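On the provided structure of chain A, position chain B as indicated by the hints.
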Amino acid sequence: MTEQPLLVLKGVHTHIGRYHILQGVDLEVYAQRVSVLLGRNGAGKTTTLRTILGLWRASAGEISFDQHRLNTLDPPAIARLGIAYVPENMGIFSGLSVRENLLLGTGPKGFRNSRLEEVLASFPLLREKWNLPAGTLSGGQKQILAIARAMMLPRRLFVVDEPTKGLAPAMVDVLLDAFLRLKEGGATILLVEQNFAMAATLGDDAAVMEDGRIVHVSSMAALAQDEALQTRLLGLSLASHQ
Amino acid sequence: MKPSERTLPVLLVLLIAALGFAAMPFTDWLTLSAAGLAMGMMLFLMVAGLTLIFGLMDVLNFAHGAFITFGAFAAGTVFARFPQLVASDRWEENFLILALAALAAALLSGALGFGFERVAIRRVYGAHLRQILLTTGALIVAEQLAIVIWGPDAIPVLKPAGLRGSFLIAGAAIEKYRVVAALFGLFVFLLLQGILAHTRIGIIVRAGVENREMVEALGYRIRPLFAGVFVAGAALAGIGGAMWATYAATVTASLGSDLTVLIFIVVIIGGLGSVGGSFLGALLVGLVTNYVGFLAPKLALLSNILLMAAILLWRPRGLLAAGGR
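Chains A and B supply the protein sequences, listed in that same order.
Here our numbering = 1-based position in the first sequence + 12.
Here our numbering = 1-based position in the second sequence + 7.
Simulated from the structure, these hints should not be mistaken for laboratory data.
This one's a predicted model, so the numbers in the text were calculated from it and none came from an experiment.
Don't take every hint at face value.
As the list claims (entries may be wrong) - Looking from chain A toward chain B, a few residues come up when the C-beta cut is under 10 Å (computed):
no.	residue
1	Leu67
2	Asp86
3	Pro87
4	Pro88
5	Ala89
6	Arg92
7	Ala96
8	Pro99
9	Asn101
10	Gly103
11	Ile104
12	Ser106
13	Arg161
What the hints assert, rightly or not - Pairwise CB distance ranges (calculated):
no.	chain 1	residue 1	chain 2	residue 2	range
14	B	His135	A	Leu165	35 to 45 Å
15	B	Ala134	A	Tyr31	17 to 27 Å
16	A	Ala182	B	Met31	53 to 63 Å
17	B	His135	A	Ile28	16 to 26 Å
18	B	His135	A	Gly197	41 to 51 Å
19	A	Pro136	B	Gln200	30 to 40 Å
20	A	Asn125	B	Leu190	39 to 49 Å
Glycine residues also receive a C-beta, built at the ideal position from the N, C-alpha and C atoms.
Just chain A, same shape as in the assembly (with noise of 0.2 Å):
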């Protein structure tokens, strides 16, 4: 590959409190590419994640994005470079209406009509959910919220923690369907996700994490395709998921 990566973490260290749980993290993100970061439970892939938007601070190692260092940056600065994140828990106010979730997705000038319209498009059941408290919708539901949340304004990076957690097959579906969208549209993405078949289908690029270091990097489809490597590095292949 030869052009510059949009992210780069260069033996990036993360303790959390006692613990030292990225223990020399490097991996590098494309432009308009999605890349999969794969692991076993407890490897630091949300560390990982947590650390990139400033959420935890590295105590060694370099984060660039672009030409920002944001090892020196706190979250809302981060955030503000164009970077949405999408948490495991998903991070919906449950207490707020619909509305005014995706309305802290935007900027200070609030809705745009043409970005709201294409959102309200990909995920119509938002436009039905309105005016609902966002904690009376389901599981499914809170995450497109969730990622129709970060998709409300023009994005340089999604960072997305394993969004398929805990969800019906139809709802995973529904969530493939906008990672493609996004995916065609020219996003770049780094995602998290348990669900290999999903990481298969969206993924460019793969890196595999074990105890706090990137052991394995590779284009997904040679990954996907070498059932003894999945085995050795996540304990499972893709057969198993189809």
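Frame of chain A, contents of chain B only:
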């Protein structure tokens, strides 16, 4: 929160009022209900900021009572400085002096809140034990400071002449000042609700109470917002203190610490971080205090503790958990 979960606490307030209605003669009930509503509204003014700062930044501020005390003294000082306006029989001059007193209370307490947040509170984010020690100490220091400035004796606070006396409604005597206090408290509640529900900053505050981290990940800075809420909360507490002192016709340096337990009871009953919950909690405390004080005076001191225990057995997170308005 489902609509029914919001409705039940409102019904509880009405139930308490209905129980009072059934337990005493109508005229007594009307007088005590008006007193309870006025007391509740004044308590609400004092706690609205406290509950939001806890919800937003997880800060336990036991020094909140100091803002009440200084607001009360500011009002007392303004009343003493303009006795002709206090004694005037023209209603516009009476309201002018009330507005001046409220403004002085809000400015003094708000300024104290601004300084206290910058100098002390910022150092103890995320450390509950240090917050308790620091803010409890600050309350003691503030009380002593009030004694140094205004002296150890109670200072009389005369109500404006037009607000003395009572209205006679259906045979019941209802103090004019209580009506004004209740209406003003209701106005502030509706204003706060309007801001929280319909402005972008209000929506960010409500979101921050639920999940501060996610609000920051969306690009909003919580700390300046918190500082603003802290100052506004201190200013409101100052106005509440001014109204309370005018209602009680006296102010002492221990006013804030005397009210601290009561305001925390209101916040806990309402649900930490919920302005609407605090409003309902304050009304409940106001009504129960007045009804029980009349029906079973020996239980009066205990009534609010029992009320809080009963509410927490029913809803362990308070009437309206954070995230509700």
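Evaluation of the provided hints:
| no. | hint | verdict |
| --- | --- | --- |
| 1 | Leu67 | 6 Å, holds |
| 2 | Asp86 | 7 Å, holds |
| 3 | Pro87 | 4 Å, holds |
| 4 | Pro88 | 5 Å, holds |
| 5 | Ala89 | 8 Å, holds |
| 6 | Arg92 | 5 Å, holds |
| 7 | Ala96 | 8 Å, holds |
| 8 | Pro99 | 7 Å, holds |
| 9 | Asn101 | 9 Å, holds |
| 10 | Gly103 | 4 Å, holds |
| 11 | Ile104 | 8 Å, holds |
| 12 | Ser106 | 6 Å, holds |
| 13 | Arg161 | 8 Å, holds |
| 14 | B:His135 x A:Leu165: 35 to 45 Å | 36 Å, holds |
| 15 | B:Ala134 x A:Tyr31: 17 to 27 Å | 20 Å, holds |
| 16 | A:Ala182 x B:Met31: 53 to 63 Å | 60 Å, holds |
| 17 | B:His135 x A:Ile28: 16 to 26 Å | 20 Å, holds |
| 18 | B:His135 x A:Gly197: 41 to 51 Å | 46 Å, holds |
| 19 | A:Pro136 x B:Gln200: 30 to 40 Å | 31 Å, holds |
| 20 | A:Asn125 x B:Leu190: 39 to 49 Å | 41 Å, holds |
Checked against the numbered hints given earlier, this structure breaks none of them.
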